[in-house]
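Fit the two chains together into the complex; they arrive one by one in their own frames, and the hints show the way.
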Amino acid sequence: MAEYQKPIPVPSPESEPFWQAARRHELSLPYCTACAAFFFYPRRFCPRCFSWDIEWRTCGGKGTLYTYAIQYRPQMIGFTPPYVTAIVQLEEGPRLMTTLIDVEPDPAVIKCDMPVEIAWQDVNEEIAMPLFRPAGGHT
Amino acid sequence: MSLKHKVAIVGADETDRIGIVPDMTPIMMHAEAARNALRDAGIDKSEVDAVFTADPNPMSGVQLCEYLGIQPTYVDNTMTGGSSFVIHVEHAAAAINAGLCSVALITHGETGFSGRRRRGAGGARGFDPSMPAAQFEMPFGVGGPPSIYCMAAMRHMHEYGTTHEHLAEIAVATRKWAQLNPRAFMRDPLTMDDVLSSRWIAYPFHIYDCCLVTDAGGAIVVVGADRARDAAKKPVWVLGSGEATTHMSLLNMPDLTQTPARYSGKRAFEMAGVSHNDIDVVEVYDSFTYTALVTIEELGFCQKGEGGPFLSNQRTAPGGDFPMNTNGGGLSYTHPGMYGMFILIEAVRQLRGECGERQVPNARLACVNGTGGTLSATGTLILGTD
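Residue numbers (our numbering), protein chains in the order written: chain A, 581 to 719; chain B, 62 to 447.
Same shape as in the complex, but just chain B (with noise of 0.2 Å):
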């Protein structure tokens, strides 16, 4: 059984502002975000019946459901990090596709950049510390991301030649969609020089390798195919999707330059009986530009280890004939910490053609990726327009 053109995302939106938002919380962007998804579907709350979300606390979703005022009869708080809202659409896909439920509205919300001044500080506390990882990781100095993501990068660099120069020319190419973006947090001209002369943050990255950390929301709309046909604007069909998870931890990697995305790639193309060729545009997950690379290696938009060169050029950037990360990505756009909702939001904006100065034209399919954890979880979706 597949879930091709059985569903359809119908509404699509984020919160009024992003980028440093620090009068609100967490779940008011949640909130924020699915009054504004449900206004682009043309659809009332009380038609929404089943609900997806993710966040650290554990009971999220019946959480976020009290405080929206739904009663739903799905929930789903599947934490996969930032993959976790495109692995949701193939959830919601399934429960859609088995009679379960009807409308299904996916939230996300987070003050990455308030919340963290709220916190303070994290190192190993809050972690329970018989966990694998707080017993064979963090007491050698591994913390937050950046300083995991990088050993993986390294590891790629010596098996496959990739060269900072390969890493800066996705920076540099992703800064140039966010200069189209008026919504962008970073907009500033970014070159080469710029990308390579700067400080490291843990080598072998320079502080443009590594994504923002922001405040933003988003959520998106959900509905079967008999819906779709009746909504307010062009549904975006989900045409193939898949997800799959291989190892929490860096250290428990099988290969350290390979990621699950190979898997569900795999999955997503074969379901949409689409090939790399026939895909208009690339969202894919950059919480640094070497998971954007690696990325499109697993999905097999090049060979094996060739995405250095076959990324370089520029040609990822406006008027390129690979065009990725069009919104400006995790890297400029915005990255509140699960960045994969506005991957989402983004194909689905660029296949209704809303993108303005930024629109790739005639863009009819789209290939979604989101990752989570450290390299760990993945969900590709394939999208497309009638």
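Chain A with its partners taken away, still in its complex shape (with noise of 0.2 Å):
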């Protein structure tokens, strides 16, 4: 594999939870317990209701394309174009920018609210980036 070009998110220590759980592929989000619902980006503390107490639960990976664009220019280092940039509304409520992969960029083919799954892509040793795909179509 070349090597990836790509800027490379660093973690802060708020976020570090997330990408320690990405790492196994999992998607770990932080989720308040008083208003009982996830939200995003991490945060020590609610941005709704300013609680702090905050745990980290694990969510399913699957949403919908809440938006996305096709990507014409180089809008950022190690992204060839055309690529697509999206995005998602996660099931559990929070949204997620990411990458939509496996599939033409084509808007014959991508609609918004289509169902996408989560595809991991690991980085380096220390990061695996969330992807999604449209849900069921590849392996």
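Heads up, some of the hints might be wrong.
To be verified - Going by beta-carbon spacing under 7 Å, a handful of chain A positions derived as facing chain B:
no.	residue
1	584
2	590
3	595
4	650
Think of the hints as simulated: they come from the structure by calculation, not from any bench.
Glycine included, C-beta positions come from ideal geometry on N, C-alpha and C.
Structure below.
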């Protein structure tokens, strides 16, 4: 595999549990016990109610395509156009920015609200990236 | 307490040259625009006691004051991206109304075109890697504004049936205004076919859905009511104002089809006590065709989701019944990076009747809306003349 050229996330103290779980290909998100709801991105407190009683819970990695775009210019180092950026609406509530893979970059086949599932990509020993692909379409 | 009719814009101007100006740095543009705006106002630099500006440098206000040789008693470098300078007008109005200052100078200067050549390409470098966007957005391939705004537009198209043609209408109409403006960067004729057959930047955006990248600077001068009545030119009164911030990154927008203009606009219209039908000319930030479309909806000029049909049939073009972005906009006039200053200046010029061929007849009331970040922070102003 060619050397990974894209930006590699640098975990912060409050996001470390997310990236540790990602290494095991688990999608773990912060959960507010007061609101009984997930939130994202990671903080030590809930941005809704400002409770600091936070847990980390594993999510299923399934959701729908909230929106997407086909990038025809190299908007970020290491990406070769055309590629598809997307925001995924997880079943558990939060949204994630991601890259949609295993799909033709064609608006005729990519539709908002279509079901998608997580597809982990190992970058190095430390980091695995939560990419997404159309649900059930590929192995 | 209301800021209605408490302050007026009495000076407004740009750098001598805009477009491609490789022999000027941003701070040189601040200074030249400040000189021109103060001259327009008939006010000497020595009278300025408040300075407002925005720039990526966190101490830009202090740096600018030193450079200009001003030692003000009030400084504000509130940075909300492209809406900054519109929001500064409200901040200046509040400060003047509180008796903290009397002559406010708001300046802008950017070399979006030439500076990029000097700096080289960006990528994720230069960002604090621990910030949320550097961990959870950029590594997935989003970068500059076109790669982000297009995803908001996509959701709008999905929910409301907005089409590429709706967006193209705005690009074409805005170009027609630019053709009437000798200072506009892009003045060649532009047709619907030209837009719809142009290359993709980031689907659903064609290149003509995206603003220019230019060099430019601008400045305005704001004073209290007493001083405004003695101004060199017809004062342009702040009749209503509002600002609002709802998020930083697109990922964290509560609803991808809504912008904070729904809040800043409501407050500005209520303060001014005018209705949408009273507005003669509309100047809204058009970083992209979609930015203008969604802003018109969010300001309440039409029902939510109907911005596409509402702005179609070249209704916003010269001679149409909804004159919008009459200088040619960020799409065709100029767009150095944070364009908000230029919608303000154009509103002032329209209300003073200085616009020559592109003058909207009898323009008495203008609505201005700046948008900054990724549809993150807006400032709305209702401006009017006596």
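Now for the hints, and whether the structure bears them out:
| no. | hint | result |
| --- | --- | --- |
| 1 | 584 | 10 Å, violated |
| 2 | 590 | 4 Å, holds |
| 3 | 595 | 6 Å, holds |
| 4 | 650 | 4 Å, holds |
Consistency with the previously given hints fails for number 1 only.
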